[in-house]
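Chemist: Let chain Y serve as the given structure and place chains U, X and G on it in line with the hints.
There are 4 protein chains.
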Amino acid sequence: MSQQRFKIFSDPVHGFISVPKNVIMDLIQTPEVQRLRRIRQLGVGHLVFPGAEHTRFNHALGAMALMQDALNSLSEKGTSISPEEQTAALAAALVHDIGHGAYSHTLEHELIDNFAHEDMSRVLLAHLNERFDGALGLALDIFDDAYERPFFHQLVSSQLDMDRLDYLRRDSFYTGVAEGEVGVQRLLKTLRVHPLQGGAGSEVTVEAKGIYAVENFLISRRLMYWQVYLHKTVLAGDQLLRAALHRVRDHHLHAGGPTAECIRRGSDALLFFLENDIGLDQIGEPRIRTAYCQIDDTDILFSLKQWMRAGDKAGDPVLADLCRRFINRDFFRVTFLSQDPNAPQVEQWRSRVADWLVAQDLAAEDTARHDAAYYLTTDRSRHTAYQNQSEMIGILDREGNVQELSEMTDTSMVSELTDFVVKPYVCYPKPVAIDLNAVPAA
Amino acid sequence: MSQQRFKIFSDPVHGFISVPKNVIMDLIQTPEVQRLRRIRQLGVGHLVFPGAEHTRFNHALGAMALMQDALNSLSEKGTSISPEEQTAALAAALVHDIGHGAYSHTLEHELIDNFAHEDMSRVLLAHLNERFDGALGLALDIFDDAYERPFFHQLVSSQLDMDRLDYLRRDSFYTGVAEGEVGVQRLLKTLRVHPLQGGAGSEVTVEAKGIYAVENFLISRRLMYWQVYLHKTVLAGDQLLRAALHRVRDHHLHAGGPTAECIRRGSDALLFFLENDIGLDQIGEPRIRTAYCQIDDTDILFSLKQWMRAGDKAGDPVLADLCRRFINRDFFRVTFLSQDPNAPQVEQWRSRVADWLVAQDLAAEDTARHDAAYYLTTDRSRHTAYQNQSEMIGILDREGNVQELSEMTDTSMVSELTDFVVKPYVCYPKPVAIDLNAVPAA
Amino acid sequence: MSQQRFKIFSDPVHGFISVPKNVIMDLIQTPEVQRLRRIRQLGVGHLVFPGAEHTRFNHALGAMALMQDALNSLSEKGTSISPEEQTAALAAALVHDIGHGAYSHTLEHELIDNFAHEDMSRVLLAHLNERFDGALGLALDIFDDAYERPFFHQLVSSQLDMDRLDYLRRDSFYTGVAEGEVGVQRLLKTLRVHPLQGGAGSEVTVEAKGIYAVENFLISRRLMYWQVYLHKTVLAGDQLLRAALHRVRDHHLHAGGPTAECIRRGSDALLFFLENDIGLDQIGEPRIRTAYCQIDDTDILFSLKQWMRAGDKAGDPVLADLCRRFINRDFFRVTFLSQDPNAPQVEQWRSRVADWLVAQDLAAEDTARHDAAYYLTTDRSRHTAYQNQSEMIGILDREGNVQELSEMTDTSMVSELTDFVVKPYVCYPKPVAIDLNAVPAA
Amino acid sequence: MSQQRFKIFSDPVHGFISVPKNVIMDLIQTPEVQRLRRIRQLGVGHLVFPGAEHTRFNHALGAMALMQDALNSLSEKGTSISPEEQTAALAAALVHDIGHGAYSHTLEHELIDNFAHEDMSRVLLAHLNERFDGALGLALDIFDDAYERPFFHQLVSSQLDMDRLDYLRRDSFYTGVAEGEVGVQRLLKTLRVHPLQGGAGSEVTVEAKGIYAVENFLISRRLMYWQVYLHKTVLAGDQLLRAALHRVRDHHLHAGGPTAECIRRGSDALLFFLENDIGLDQIGEPRIRTAYCQIDDTDILFSLKQWMRAGDKAGDPVLADLCRRFINRDFFRVTFLSQDPNAPQVEQWRSRVADWLVAQDLAAEDTARHDAAYYLTTDRSRHTAYQNQSEMIGILDREGNVQELSEMTDTSMVSELTDFVVKPYVCYPKPVAIDLNAVPAA
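So the sequences go chain by chain: Y, U, X and G.
Heads up, the final residue of the first sequence is numbered 612 in my numbering, and it's a clean run with no missing numbers.
Heads up, the final residue of the second sequence is numbered 612 in my numbering, and it's a clean run with no missing numbers.
Heads up, the final residue of the third sequence is numbered 612 in my numbering, and it's a clean run with no missing numbers.
Heads up, the final residue of the fourth sequence is numbered 612 in my numbering, and it's a clean run with no missing numbers.
Isolated chain Y, as found in the complex (with noise of 0.2 Å):
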């Protein structure tokens, strides 16, 4: 047998992670997935919490790793996997998300129109299988759910997958919240490859007495996005920094002057994006892509703190204060609702924070109303814990028989997980007193 050899990479979360020095190794080496170390895998997550600084790279890394121990288990309990499906599976996994942009959720949708990450990933990864000359084949079709072997797509993508496994570990590690924490071990220990019902093909089940750990995991996710994810100070970050971002899009692009000089001075390749509107079906062009890979948190930083400067002078205060207050983490409010607010709610809203932008000399009378929607935002967090709806996640009992989760459990607790919560939410300046049950007629 040919001795595979391995580097060594030290992770506080799961110990050492053996990297095989074959087309794993070579494809950490690429500049597409280097650069995910210049991505924060939380986004603003860290402005709320300071220990959150980990990125996507050491993300990538962990689910990485994790595939490796869910193959060994699966394997102590009987299902072959060949090494060119273990190179491939680790390939997936470690790639999975390569296409996330600078940071993160945060700016998924302001880039590209109808951008969703996983299709950016898709175009990376098809771009480096050309450069590695076909070598990561199985990878993609493991990706794109074509091997016939589907478990493999499952534990790659999936209700109960590799990325959600260390990305609540992970997370929960790094800001202290105890509670995300999810028994990653215990889990892959009770998976089981079981054949499709119907007969092609096989999926990934948990054996019954891993029920609890499952549920374990499905409501540590759900506290995760309450109480870090969708964090009230987090939202904040996020209107904040879409904020800046579309006030350079509005008014900043086709101008001249000593603002436009400014602007000029952040990043090119943002600067790309904001001008020109890129849409989905786009994103296969190699400028576009190549674009696209300039792109990091640094870009973001950098700009916002040129565009600092940008009120000196006749310039714009409004697009300056965005980014101040960005830079030196002074954030608006953000208030969850009982309902949505309806138009005139949010105009009667935002002409009290016109007021207050004439009176801070932030704004001039006469184009205050416009400003005021930098500042007073609405949006909605939405989440669900378990879509057993699309995909559900199969319970092996005793008998051999697969249930779906909801199916097996002593309570209807998993149930009520599948449903879809929404909070609507307002985000303001906190020196601002609106009154937020005053309801004008819509």
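Errors might be hidden in some of the hints.
Any copy, or any two copies together, can satisfy a pair, since identical chains are not distinguished.
[As the list claims (entries may be wrong)] Capping the alpha-carbon separation at 25 Å, the derived lysine to aspartate or glutamate pairs in DMTMM-like fashion look like this: (1) K191 <-> D420; (2) K191 <-> E246; (3) K600 <-> E255; (4) K402 <-> D567; (5) K600 <-> D549; (6) K402 <-> E254; (7) K247 <-> D589; (8) K191 <-> D239; (9) K191 <-> E577.
If you're looking for bench data, these hints aren't it; they were derived computationally from the structure.
Modeler: Quick look at chains U, X and G alone, frame taken from chain Y:
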């Protein structure tokens, strides 16, 4: 201000625990509290989770340490707490479970009729108060919920008390069951004392921002019940230990001969309780209290090791076998049933066991049916994570109103946690093939 | 390839431990190994570190788990290991300490003259090998260092073996003494098997990049000795326990009367060793081996609890007091001395103790000097972290040469660790004021 | 007593950190402190330890939290601390490292001649004190060691200060290098303030029982230096980053043309320092201070990403290559040498590198020797764990005398730690085979 001195205990769960060198340290040095060092927290749990040998002493210290943290947190939020109250609350937390006997819950109902360990805790606390010349009077009032500030009692005993917070955290730590991990410090930081509606006294509530941490606590508690406390192998160990004691009680207390001599080599304090029909009303009597305090896990183990030899010569091979099985961890099997078995079903199963006993030379033909009752037992596990009928967890919203937890959460998950889950089971020797589905007419 | 099945143990230190369901699992189920569940790893250590109730069973599993990891690491680096060798090495790691008796090191020299637990481990392993029809033959060869590949023996027993790696990590974990933490996985990743100079066989070495991890291991070991294993209060507990057994041996084995009856209520297996002068040469005899295996911590504790009552009526108040002190953790004081005290000094101290015993009504005037010898003892703690005289730790440099550790490190720190540190001490009742500096003429 | 309010930060290392809502919270919200969020604690360390992306902001909070714990511990032992002193000490701990620049130690000596970050910390603290109308005056005195109770300064800056305790613990946590773990809480519990011999003021000492914890701290510090801070790949990253900046400084600041334009797209604040020869004596000037505070890791990364394109057309392929290597983590190799290389040796090596540069089309024949100096560098790592010459760690024995640590310990290990270890090394492209042993005549 007088300088308070501390003794430091190193605790792997909470780090360093500071014990004030006053009545609290004196209390720790009493034989009654030191005895808790010889009672394992999880009864037979360590036979399933080999790391979980931790004792009730360690838990008592931990509950006291969390009480300190809780009182500090409440103080920071403006609730004034006098030094006397502080000491009394620490004492009450420390001794809340002092009435537990050998093997904790496993034998709770074996030695004294209608026993509940809380009653014995009360007896021992009152007795210690006398020995300490009344220095524990306020602690006793808090324990009895007779103190004018009821929130102290709630911290000692309620749906969200220091006992539960410590044991979940600690048992999760020592068993390695990560899913049981509770964000204890986060929870303590969100506690608030709030005036009771109606005006008399005040209660402990949780600030709205702690709601996910409370949910997680309840869910962790449920998970620890089914994964650890009511683990099938733990139940099997419980049944085996009880069967051995039943065998002694039923057969050997009034007999003579060599077996009786062997039995007498067991713990005399244990034999005292097996021989005499002690009732709950007698636990206050000094000789009962004293005898009770002489028993710890050592007595049980030592007695079983003696009784393993009861099968030599013309002895009781059934008792010897039961004891040997417990000492060498050769447990029976537990299988959960979809419903309670009826009497004919149990009879049928027992006759299979009887045949097996005869074949094994463990029983004679004529007594085998009787003996089988020590080998095949039926019982029910039952648990509810949150008994909001008897006692609610109050959430304090931003407007200063207190609502019951299940009315506040986003999903109806919490109300599901209030359901009682009951699981009937049968415990029997693995080699005996009983047909769990064959249901004879009742 | 035949499918290997595993039983999973949850271990808080190493996570999940997979035990192959072959002779290894059978071995775990023997009474000899199960008995380790009733022997605390740290003897009286749990009376100082309340979280450290962990047993030798847990440690045995842990050493076996690290052996698995070590063999995997060596395999990855090209050392071929056959399935038979793998099983034998796991078995040897599992039972390496099976010969330990009740209270581990505390009583190691009390029951059998010139005893060393390794000799008893050897006896028990040979006995088990017979019971298993020779299936442990290779394990026995590895234990005896009689196998042709000596590196297996080194992994079981050397300056850097699985035993030490597990116990340091585990004892650090359970005591909460973070400084004892060793980077076990890092160390295992740097192990390498290297041909012995001269050519016969091969040895375990550490790659040069692991040198700091080895240093840290030695320093942690030194620290755990002085902070935990030889902690002054632990030494005080050791002395007290030994004093109680000495008292029984010296006074009560050949006497009659009510005290003798009380003594007889203690463990008969323990009394067997106290009564008979068993020597190391006899440990292979079946009746000695059997009696030895009947004793565990339970026997000691149960006996002491019985003997606490020896002071009633016309009994032995000294014995009762010593036992009561141990059970209620009312230890003597230990003070380190700058040099060994001379005999007149000890005599002088003992006469102070004798006066105190009389004043306490614990001894009569005429026997007090004799009795004082149970209350004031002198001894020495001695430890060296690295015995490079007897056995070296070899470091493999990049050129493929092996050098002894202390020749490779940057500072001469390591060679300092090879010095023996010896600390004389005296143990005596706290209320007795003895003058440690007054030195009578020798 | 006035109610103090706190803001809670969740920190994975210390749990929850409570920040008083007074001048401390105001300080945290300044741009100067927020800027630390954009400076990684370990410079290029995250490129070797992928989990170690933590920032100087996180460390500053941690050092402040440990100061709280230390002051609480000293208070419990009778040292009175006024609220003003408490606030000042927290402030001083928080800003002790505020003068660090982008990439921390890597670039410490690149931007300003003879720079030391402590001097800049002093400048910024003085400036903030002005902005806060003198509210930081006492903090400034403590920082300057001008306060009458010198132990406060020692807690901020000494051989055993809150800075070191936090960074060792934190860097160990995030790198996953367990050996660096220090028992911080244990150490803090053993601190004692003791009157200075001679009488003026008082100093921080460690109680004798903490001596092993201090030793462990020193040894951990030594280990973290060689395993993490001076890890060979970290040194390689340091050299590469410096080489890129040197290249810009040497070649591009006064040139024109397309490359100059590309250079200008880098951070102007960074370019300001590269262009002007700023000396330590100027750092108090507002424009220097302001420019310095504009630079963080973002500026470096963004600039390098721009300068990667300097190789297009008639540009500088050397600069482009250096930048690309840093961004894509394609580092040179570092090899330690047994002694400093002499000049002819370095020349010889560089000529090999020059040949390689020509072969790679990175340099022309006539400039290759010059360009090789950016590709092959020599330097020395040096470290001592304990500088007892300049500043001792005092141990307080039971008789109340203070002795220097190395006089108290059992072995002479500590005195070994005071030696300076110096390791010369050479850093060069991996494909170039240089003969490290061939020594040309000097």
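Chemist: State for each hint whether it applies.
Modeler: Results of checking the hints against the structure:
no.: 1; hint: K191 <-> D420; in the structure: neither (48 Å within a copy, 38 Å between copies)
no.: 2; hint: K191 <-> E246; in the structure: both (24 Å within a copy, 12 Å between copies)
no.: 3; hint: K600 <-> E255; in the structure: neither (54 Å within a copy, 32 Å between copies)
no.: 4; hint: K402 <-> D567; in the structure: between (41 Å within a copy, 16 Å between copies)
no.: 5; hint: K600 <-> D549; in the structure: within (17 Å within a copy, 53 Å between copies)
no.: 6; hint: K402 <-> E254; in the structure: neither (45 Å within a copy, 34 Å between copies)
no.: 7; hint: K247 <-> D589; in the structure: neither (34 Å within a copy, 36 Å between copies)
no.: 8; hint: K191 <-> D239; in the structure: both (18 Å within a copy, 20 Å between copies)
no.: 9; hint: K191 <-> E577; in the structure: neither (44 Å within a copy, 33 Å between copies)
In the structure shown, a violation is registered for the earlier hints numbered 1, 3, 6, 7, 9, in ascending order.
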